[in-house]
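Model the placement of chain Y on the given structure of chain V, informed by the hints.
Those protein sequence lines, which keep their order, are chains V and Y. Residue 252 in this note's numbering is what sits at position 252 of the first sequence, and the numbering runs on without skipping anything. Residue 47 in this note's numbering is what sits at position 47 of the second sequence, and the numbering runs on without skipping anything.
These are calculated hints, taken from the structure and not from any lab test. Heads up, a few of these hints could be off.
What the hints assert, rightly or not - From chain Y, some residues computed to sit far from chain V (all C-beta separations above 12 Å):
| no. | residue |
| --- | --- |
| 1 | Lys22 |
| 2 | Lys43 |
| 3 | Asp99 |
Claimed, not checked - Below, computed lysine-lysine pairings styled on DSBU-like, alpha-carbon distance capped at 35 Å:
| no. | chain 1 | residue 1 | chain 2 | residue 2 |
| --- | --- | --- | --- | --- |
| 4 | Y | Lys49 | V | Lys9 |
| 5 | V | Lys308 | Y | Lys116 |
| 6 | Y | Lys46 | V | Lys433 |
| 7 | Y | Lys131 | V | Lys321 |
| 8 | V | Lys478 | Y | Lys116 |
| 9 | V | Lys321 | Y | Lys46 |
| 10 | Y | Lys103 | V | Lys321 |
| 11 | Y | Lys114 | V | Lys366 |
| 12 | Y | Lys35 | V | Lys82 |
| 13 | V | Lys319 | Y | Lys30 |
| 14 | V | Lys82 | Y | Lys128 |
| 15 | V | Lys273 | Y | Lys103 |
| 16 | V | Lys319 | Y | Lys113 |
| 17 | V | Lys82 | Y | Lys114 |
| 18 | Y | Lys131 | V | Lys319 |
Please read all numbers here as calculations on a predicted model, not as lab measurements. Glycine included, every Cβ here is placed at the ideal spot set by N, Cα and C.
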Amino acid sequence: MAVLEEPIKEPLILKNYVDGEWIESKGKLHDIVNPATCKTIARVPLSTPEEVNEAVEKAKKAYPEWRRTPPLARARCLFRLKEILEENFEEPSRIQTMEHGKTIDESRGETRRGIENVEVATGIPSLMMGYNLEDIATGIDEHLIRQPLGVFCCIAPFNFPFMVPLWFVPYAVASGNCIIIKPSPRVPISQVKLAELVDEAGFPPGVWSIVHGGGEVAQALLEHPDIKGACFVGSTPVAKEIYKKCGQVGKRVIAQGGAKNFIVVMPDANLEKTIPALMTSFFGNTGQRCLSGTNAIVVGRNDIFYKKFVEAFVDAASKIKVGYGLDESVQMGPLQSKKAKEKVLGFIEKGIKEGAGIILDGRKAKITGDYPPDCFLNPTVFDEVTVDMTIAKEEIFGPVANIMRAKDLDEAIRMIHTNPYGNAASVFTSNGKFAREFQYRVECGDIGINIGIAAPMAFFPFSGMKDSFFGILHGQGKEAIRFFTESKVVIQRWW
Amino acid sequence: MQLQTASQVINFAVELEDKSAKFYEDLAEKFKQYKEVFLSFVKENKKNKLFVQRVYNEVVSDALETGFSFEDLGVDDYLIEINLAEDVSLPDVLKKALDIEAKIERFYLNAAKKSKSFLADVPRVFEKIGKKRGERKERLKSLS
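Just chain Y, same shape as in the assembly:
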């Protein structure tokens, strides 16, 4: 599926933040030794969600190209799967987390590129969150 309107893109970003927050909540329950790290990710996700929603609501304008800015932004490459098997091991979970973060990072950076023509604040926030996801990948790697 292709995302074309600003509303679709923002909602997809919110969905990614919600889903990955749920994923880290589950990890915090399962792997107590890294509870704090995972919960800090959850907190950060909530903040990201707020940033994304706020930037959209604050800069959306009927006069700009909100409906026509995201040509060729397909969602299939960025869909994440967060279910965990009962007996999943920490190394497997971290691998999965890295995969999720890589997809989310790519989504934000690509969406930032595609949205450059219309609202300056939106690509800036997307880029910022994308970079943060890159940093998160490094943190995850340090846990393994």
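Looking at chain V on its own, in the form it has when it is part of the complex:
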């Protein structure tokens, strides 16, 4: 099977997108490397504080007119964007594979999920409506209006370079705000491509902006007095820090952190269907996903079932084809960087040291095609894992699966609750009572029942609990609209 054509032929020099213009930054340039080929595909600037200020100022200037633009007209910009995205579906998808490493199927899936948020946000004339009640007292009426706030910022992670900003940005602009995106400096090209399409869709200058950079740019955005709120997705320590900072200065915030997701396999689970779902869950996106399964708990004292599960899991994982994501036959791409691979290797070492049994060792990668091994790993599977082991507690963010045992569902739920994270958890079962118990009791924001990756659709909030989420309202759908608008109540009487 041939490798698909790469859309980036020569290294790009990326620019900021401010006030509807592509502006060269004075900041230092940093190489973006394709993790599969190890070739430099772009250079991204680390923008200066002055450039951040300039972007905020321009966005602030664009806000009053954009706010006054009727919601239907704002929705039309989003409809045009949706059409342009459909027409250009393939290029941003291939770019994601080139900069991140994920397979082309995964990239196209990411593009689709991003577009779905644009689609949902086109419903802004209905989504943004308030409510009213006549005669709250004799002759007095009361109504609620949702109003935009001004300029927001979005600080994006590296694992979903195209989709994650779209959990927030379409809702921000649909409701009349302006927004500045700071893409991850590791994978900024998808957002540049997206902004080119945004430009084509005819958004007014300053409504949708991009400023490249790392932590310093994020800091400058968060500290800027004209930024009304921030959306962040990344690690838990940074999410906590951002939540604290926004609280101190009175900004709204959605801060999504890390995860350690448990998958409970009941003895009545349909293994034939469960195993492919678990392959995607544990090894999809090379495990670099906050909804990835990482700890599988097999429930029951039935050794035959346990053995059957482990054999099927390891057999399927050992057959996963690893290689360059633009090769359509490949099922798992490389880690996003050498550093990410080293981190995963460190966890595997720890797992071995702490007594887990390594039953599939993916450290020496078998790669389809002739690519440097720098960022590649094959799936690794541990058994005899206990909840106190480092590999079971901490977020590995790589293709490593831990298999554990619990005597019953109660014990499995207790094991889940030992972990500080609460992003997602799934149960595989044929029993409605088990499923209901699981959904009712497990303290995680996203629950899967016979679903390996409980990823909420664009019209539902992307939830999260405990150390996986800091804030009240979540991204996507109606909650995002609430986040990006202020509720104003009007009480009126006429004589």
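Okay, now just chain Y, sitting in the frame of chain V:
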């Protein structure tokens, strides 16, 4: 060769549609008495290709089992050969067309079965096209 990822399967389906469209274009040139029938097949193939590509692009999701759904879907049984000899006769051509259609029908129906676990729209489209290829076989038989 085995097809495993959704992307591979969709591209293989597109390849079958393109190749068989080319085959019927050639037949339309060669056998003028059935030109309209063959060209209607070409038109239908183009539509099928669009359906298949659209259904994939519209329902593909990073969260579903796109990379792990088509175990044991080998392509060798469905490879089609469309070259025509200069002096090929109509009965031979129709026999070849029936063989091609049978392979394509089997591919779609088998792919529909294998894809049941992940995206509802994909098996539905595969089944629909598979059935259409069955109907096409009947039309071809009526020409002979």
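So, going through the hints one by one against the coordinates:
no.	hint	result
1	Lys22	19 Å, holds
2	Lys43	23 Å, holds
3	Asp99	25 Å, holds
4	Lys49/Y - Lys9/V	29 Å, holds
5	Lys308/V - Lys116/Y	24 Å, holds
6	Lys46/Y - Lys433/V	48 Å, violated
7	Lys131/Y - Lys321/V	33 Å, holds
8	Lys478/V - Lys116/Y	32 Å, holds
9	Lys321/V - Lys46/Y	32 Å, holds
10	Lys103/Y - Lys321/V	27 Å, holds
11	Lys114/Y - Lys366/V	27 Å, holds
12	Lys35/Y - Lys82/V	40 Å, violated
13	Lys319/V - Lys30/Y	47 Å, violated
14	Lys82/V - Lys128/Y	28 Å, holds
15	Lys273/V - Lys103/Y	28 Å, holds
16	Lys319/V - Lys113/Y	21 Å, holds
17	Lys82/V - Lys114/Y	31 Å, holds
18	Lys131/Y - Lys319/V	33 Å, holds
In terms of the numbered hints stated before, the structure departs from hints 6, 12 and 13, listed from lowest to highest.
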